[in-house]
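Q: Using the hints, position chain B against chain A.
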Amino acid sequence: MSLELHGVLGRGEFRRDVDLAINSGEVWGITGRNGCGKSTLLHTIAGLEKLQSGSLTVNESLWDDSHKQFVVPEDRKVALVFQDIRLFPHMSVLRNVCYPLRAQGVTRVLAISRARQMLELVGMTSAHHRTPDSLSGGERQRVGLARALVAQPSVLLLDEPLSAVDASSRPGLQSLLALMLAEFSGIAIVVSHDESDLAAMATHHLEM
Amino acid sequence: MAIVAILFVGIPLLSIFTRMPWSDLSAMIGQRSTRQALFVSLETSVIAAFVATFLGVPLAWLLARGSFPGLSLVRTICITPMVLPPVVGGIALLTAFGRRGVLGRFLYDWWGISLPFTKTAVVIAQVFVAMPFLVLAVESSFRQSDQGLEDAARTMGASPLRIFFTIALPASRPAVIAGVALAWARSIGEFGASITFAGSFPGKTQTLPMAVYELVAIDYRQSLVLSMVLIIVSIAVLASMRDRWLTVGAR
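Residue numbers (our numbering), protein chains in the order written: chain A, 1 to 208; chain B, 1001 to 1251.
Note that these hints are calculated values from the structure, not bench results. Think of the CB as a built atom: it goes at the ideal place given N, C-alpha and C, for glycine as much as any other residue. Mixed in with the good hints there might be a few duds.
Label pairs and their in silico Cβ distance ranges [unchecked claim]:
id: 1; chain 1: B; residue 1: S1240; chain 2: A; residue 2: S196; range: 54 to 62 angstroms
id: 2; chain 1: B; residue 1: V1083; chain 2: A; residue 2: M208; range: 50 to 58 angstroms
id: 3; chain 1: A; residue 1: R15; chain 2: B; residue 2: W1110; range: 38 to 46 angstroms
id: 4; chain 1: B; residue 1: F1050; chain 2: A; residue 2: C36; range: 49 to 57 angstroms
id: 5; chain 1: A; residue 1: E60; chain 2: B; residue 2: S1159; range: 21 to 29 angstroms
id: 6; chain 1: A; residue 1: N59; chain 2: B; residue 2: L1103; range: 35 to 43 angstroms
id: 7; chain 1: A; residue 1: A21; chain 2: B; residue 2: T1080; range: 28 to 36 angstroms
id: 8; chain 1: B; residue 1: S1159; chain 2: A; residue 2: S24; range: 24 to 32 angstroms
id: 9; chain 1: B; residue 1: F1165; chain 2: A; residue 2: H205; range: 26 to 34 angstroms
Simulated coverage check for chain A against chain B, where a stretch passes if three residues somewhere in it have a Cβ under 8 angstroms from a Cβ of chain B [unchecked claim]:
id: 10; segment: 44–58
id: 11; segment: 121–134
Here chain A stands alone, though its shape is the one from the complex (with noise of 0.2 angstroms):
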C-alpha cells in the first residue's frame, strides 16, 4: 500500500508545492514553521481540502486530481487527529470512540466492545462516562488516538499531537504514541513544529 501526493496544496491564498511517497509500515514526520502548511496537507489527504493541482493516488486509487476525480471524505478511511483534536462536546468519551464504527456501519454492541478495548489500549479504562470538557490535555489526546485508531484505517494523519500535553504527561503520550506508530501497518504521517518529539516515533522525515 502506498500514498503518492505531488501537486500544489492550497487554502484561500496559500499556495505550496509538495512531493510525497509513502508506503505503509512507514512513519513520516514532517516538521517546519508554522504556517508552511503542514496542517493543509494533512486537511488535503483526509479530503478536507482539495489540490489546487497535481494529484493523490492512495493505494491505486485516484482521490483527488486536482480537477474532476475527488473522493469525499467519507469514503477515504482517513483518521485525522486535528490539532484541536475535536471530541464531540455533548458525547462521552466512550460514545466519541465508538463514532467512527457506527459512521461505518458496525452494529451498537460491537462498537461499543471495539471502543472499550481501544480505550484500555490507550491507557483511558477508567475515563469511559466523562465527558470530553473534564479531560486534559493529556487525556484528550489518548481519547483522539483511541477514536483515530478504532476503525482500522489505511492512514492515520497526527496534527501537533504533543502540543496541548502538560510536561509532566508528555513523556507517558510521547511512549504511548512511539507504541502505537510502531504496531500501526498503515501509513502515518506526523505533524510537529517540534523536531525533538518526533525522533521517537518517525522512521522518516520531512522539513517543509
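A: Leaving out everything else, chain B in the frame of chain A:
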C-alpha cells in the same frame, strides 16, 4: 425616554389586570364558548408548532449549509410571512389552497378536499406565519455551530444525514427549543391569516384571538378574561425561554 417606553408598553398590559372581573373569573373561563376557543387554540397551535419544526429545521439547515444559486432568494421568500401583513398571508393562502385556487383546485377536483374554513386551514395559516421565526432562530445557530466538528465526523465516514442528527442538531438544541417556543407563541396569537383563510366558526376554527375580537363589542368583560389568558401564555413562553434565547447568540 426609556421610562416613557416602559410605561407605554407596561400600562396597557397592566390595565387589563386592573379591570379584570376577578369575582366572575371562574364562571367566565368555564363558559362553553371560552372553553371551545381555548381548546381550538391549544390544539391548532400545538400541531402548528410541530409541523413548523419538522419542516423548518431542515429548511434552516439548508439555508445555513447549502450553496446553490438562488439560495438568498429562497431565504427571502421563506421569511417574507414574518413581515407580511397577516391578512395578506391569508389571502395568499386562499389563492393557493382555495377551492378554485392554484393548488386547491386539484385537491378539490381529484380528492374532493377543500381546505378553507376548516381546522386544518387554521393550522396551515399558523404554520405559514410562525415558521419563519423558528427558521431564523435555528439557522443562525447552525451558522455559528462549529463546522470543525462536522469536518471531523466526515473524516470518520459519517454521512451528511448522520452528521445532521448526531452533531449539528444536538449542538443547536437550545435554539431549536427557543424556535419551537417562538413558533408556538406566534401560532397561538395568530389572527389575521387564520380568520381570512379559515374563518371564525365557534368550536371549529374560532381561536382565542378571534373570540377576543368578536367579544369586544358583545361582552367586553369576557374579552378581557380571554385577553388575560393570552397575555399569561405569552409571558410564560418568554420567561421559560429567556435564558436560552439570550444565550443562543453568545454560545
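Q: Lying within 49 to 57 angstroms: is that true of the beta-carbon distance F1050/B to C36/A?
A: holds, 53 angstroms
Q: Tell me whether the statement that chain B covers the segment 121–134 of chain A is true, taking a Cβ distance below 8 angstroms and needing three residues at minimum.
A: violated (count 0)
Q: Between S1159/B and S24/A, does the beta-carbon spacing fit 24 to 32 angstroms?
A: With a Cβ separation near 27 angstroms, S1159/B and S24/A satisfy 24 to 32 angstroms, so the hint holds.
Q: Between N59/A and L1103/B, does the C-beta distance stay in 35 to 43 angstroms?
A: Given a distance of about 53 angstroms, which is not inside 35 to 43 angstroms, the answer is violated.
Q: Just tell me: holds or violated, for the beta carbon distance of E60/A and S1159/B against 21 to 29 angstroms?
A: Given about 25 angstroms between the Cβ atoms, the range holds.
Q: I want to verify a distance hint. Is the separation of the beta carbons of A21/A and T1080/B within 28 to 36 angstroms?
A: Taking Cβ atoms as reference, A21/A and T1080/B lie about 56 angstroms apart, which means the hint is violated.
Q: For the range 26 to 34 angstroms, tell me whether the beta carbons of F1165/B and H205/A fit it or not.
A: violated, 42 angstroms
Q: 38 to 46 angstroms was suggested as the range; check whether the CB atoms of R15/A and W1110/B agree with it.
A: violated, 59 angstroms
Q: How does the Cβ-Cβ distance of V1083/B and M208/A compare with 50 to 58 angstroms: does it lie in that range?
A: At roughly 53 angstroms between Cβ atoms, M208/A and V1083/B fall inside 50 to 58 angstroms, so the hint holds.
Q: Can the suggested window of 54 to 62 angstroms be confirmed for the beta-carbon pair S1240/B and S196/A?
A: holds, 56 angstroms
Q: Within the segment 44–58 of chain A, is the number of residues with a Cβ closer than 8 angstroms to a Cβ of chain B three or more?
A: As far as the segment 44–58 of chain A goes, the hint holds, because 3 residues have Cβ atoms under 8 angstroms from chain B.
This entry does not satisfy hints 3, 6, 7, 9, 11, going by the numbered hints stated previously.
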